[in-house]
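A.B. asks: Those sequence lines, one after another, are chains A and B.
The first sequence begins at 7 in the working numbering and counts up one residue at a time.
The second sequence begins at 11 in the working numbering and counts up one residue at a time.
Any given hint could turn out to be false.
Pairs of lysine-lysine, DSSO-like flavour, derived with a Cα cap of 30 Å [to be verified]: (1) B:LYS37 <-> B:LYS13; (2) B:LYS13 <-> A:LYS137; (3) A:LYS356 <-> B:LYS13; (4) A:LYS169 <-> B:LYS77; (5) A:LYS346 <-> B:LYS37; (6) B:LYS77 <-> A:LYS356; (7) B:LYS77 <-> A:LYS82; (8) A:LYS169 <-> A:LYS346; (9) B:LYS77 <-> A:LYS134; (10) A:LYS292 <-> A:LYS356; (11) A:LYS134 <-> A:LYS380; (12) A:LYS169 <-> A:LYS82; (13) A:LYS230 <-> A:LYS380; (14) A:LYS346 <-> A:LYS292; (15) B:LYS37 <-> A:LYS134; (16) A:LYS137 <-> A:LYS169; (17) A:LYS137 <-> B:LYS37.
Just so you know, these hints were derived from the structure itself, not from any lab.
Note that the structure is predicted; figures quoted are calculated from it, not measured.
Here is how the chains run, residue by residue.
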Amino acid sequence: MLNRRTLFGAAAGLASAVATVFSKNAQAKVASADTPFDVQVRGRIGRLERLPTLNADSRNDFFTGVRNFRGDALLKASRSRFNQLVREAGMNPRDELSVAQIFEIVGDDPLINLESRVRIDAQRLAHKNFKASFENELDTYLTELEAYDNSGPGSLELDPDLKVPDYTRHEIHMQPGGYVGSPFAGAIYHYGTNAFYEARGRMNYQDESHAEMARQVPKPADGKVRRILDMGCGIAQMTVAMKEQHPQAEVWGVEVGAPMIRYGHMRAVDEGIEVHLAQRLAEDSKFPDNHFDIVTAYLLHHEIPAAASQRVIEEAYRVLRPGGIYVPIDFFTGSRRQPKNAYSVFQTWKDHRWNNEVWRIEYEQMDYFGHMEKVGFQVNRSGPNIGQVRSNAIATKPV
Amino acid sequence: MAKRVSPELQTDRPTHVTDFFATDVDKVKFYDDQMTDNIVTAILTLGSEIWTNRRRTLVLERLLEEKGVTRDMIESYMPSDEDVAEWRTERDRFVTALMNPLMREASLPPTTDWQDED
């Protein structure tokens with residue numbers, strides 16, 4: 007591993023080039039005493055680096071405002087109109103109508119279709135704004151990622167030979183390139199989900215939602231927490247939060263998307279938090295049997311097919327030590343699935359098909375808790391409500 | 011099935027990216043008249059540009075007040091040839107961003123499942 011001073015020296019030579027790239031906007035802050043090659047064109051607010059230009063920042067600010075409006079006033083108006091149209095069609099809004107029935111009822115209604123259109127546009131345009139912000143300075147930001155790859159604390163393991171499963175190659179949430187197809191997938195995901203959290207009234211600009219969830223994750227019954235694994239860790243926000251909650255523990259995150267954990271590693275290094283991130287599949291984590299005390303998976307299962315979910319559950323069981331706990335945090339499913347009504351069918355379909363939540367329907371229909379019990383877990387199906395998603399089973403590997 | 015595409019990046023450096031399945035979300039239309047969809051997108055784009063300018067103006071006004079620059083000085087500013095060329099490029103980018111959504115040709119009703127593509 008390169009030490010920071012080595013990286014500082016190597017990176018300093020690039021400072022003038024980077025400053026030239028951004029000279030029309032602002033002076034890049036490069037290679038400060040504490041960071042290897044940190045491109046912070048406009049500084050940071052706490053943990054959040056500001057977007058590279060005021061224009062990009064302002065566009066994002068606008069789309070965040072639109073998403074808030076859509077999630078509140080527009081959604082309420084849409085739901086009200088929708089239920090009115092369902093009743094006028096002689097049906098009950100509480101019934102679980104088919105997608106075809108619903109779109110026939112909606113027809114060309116201006117208000118309901120405005121909500122559908124705005125939901126997609128605000129997210130899609132925001133993503134394109136992030137993508138352009140980083141790709142417009144491609145070499146600079148690749149240099150930054152490269153400088154952090156081998157720095158610490160913590161570690162980053164990339165596997166160029168990893169066979170990336172097709173089911174992970176989708177542009178989930180309409181994110182350009184998905185989690186594997188853009189070198190800046192991590193940044194796009196991060197800034198995009200910040201708006202997602204804000205629209206739900208749960209700010210996460212300082213990773214505070216993840217910190218809150220990490221505090222809510224219980225310990226095993228014997229209280230011992232020496233090693234933690236975060237499966238499908240994305241940009242490692244939950245991984246870092248678990249390390250902050252359990253500073254004495256060795257904390258790992260595995261994730262299929264190299265761009266996601268490169269960005270997550272960079273952020274962890276910036277915060278001086280020692281987590282170990284590896285480009286591996288959750289269902290094939292490569293860790294020994296009986297190795298971890300806690301395994302988490304935040305919003306992983308609904309983004310993979312049911313068969314992969316089953317393999318992830320089996321892998322969690324294998325790597326947990328007897329008495330260890332598996333704490334997946336995800337949407338309602340199985341026996342805790344929310345009852346469907348006409349409007350939730352409508353919104354679920356649009357989320358699945360047009361927000362490109364490709365595997366969401368499979369996830370909702372699988373016997374999630376049943377499979378946990380089948381592999382040997384003792385499942386508390388009404389575990390603590392963690393975060394805003396609330397489908398939390400606490401699965402314990404029997405002693 | 012969604013279309014599989016390769017990332018297009020102008021660099022020889024390692025990017026650690028791989029092929030992905032592209033969403034067809036840009037083809038969906040919700041209104042009977044596709045132009046209505048397009049106009050909503052254009053309005054949002056236009057709104058983002060207006061807000062971006064307003065926000066920058068707010069920053070500038072703060073800074074200018076601190077530096078003693080008056081409104082009269084702003085109103086009477088004479089742009090250089092270099093200014094004109096640079097602003098023209100920025101104007102064209104703005105116009106393209108505004109007009110492209112109006113030219114979208116979408117065809118998939120919102121109930122469409124994924125389709126096989128070459």
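A.B. asks: Now tell me if each hint is right for this structure.
C.D. replies: Hints, verified against the model:
no. : hint                  : verdict
1   : B:LYS37 <-> B:LYS13   : 13 Å, holds
2   : B:LYS13 <-> A:LYS137  : 20 Å, holds
3   : A:LYS356 <-> B:LYS13  : 19 Å, holds
4   : A:LYS169 <-> B:LYS77  : 58 Å, violated
5   : A:LYS346 <-> B:LYS37  : 28 Å, holds
6   : B:LYS77 <-> A:LYS356  : 51 Å, violated
7   : B:LYS77 <-> A:LYS82   : 46 Å, violated
8   : A:LYS169 <-> A:LYS346 : 37 Å, violated
9   : B:LYS77 <-> A:LYS134  : 36 Å, violated
10  : A:LYS292 <-> A:LYS356 : 36 Å, violated
11  : A:LYS134 <-> A:LYS380 : 43 Å, violated
12  : A:LYS169 <-> A:LYS82  : 44 Å, violated
13  : A:LYS230 <-> A:LYS380 : 26 Å, holds
14  : A:LYS346 <-> A:LYS292 : 39 Å, violated
15  : B:LYS37 <-> A:LYS134  : 16 Å, holds
16  : A:LYS137 <-> A:LYS169 : 25 Å, holds
17  : A:LYS137 <-> B:LYS37  : 20 Å, holds
Hint compliance for this structure: hints 4, 6, 7, 8, 9, 10, 11, 12 and 14 are not met, and every other hint is.
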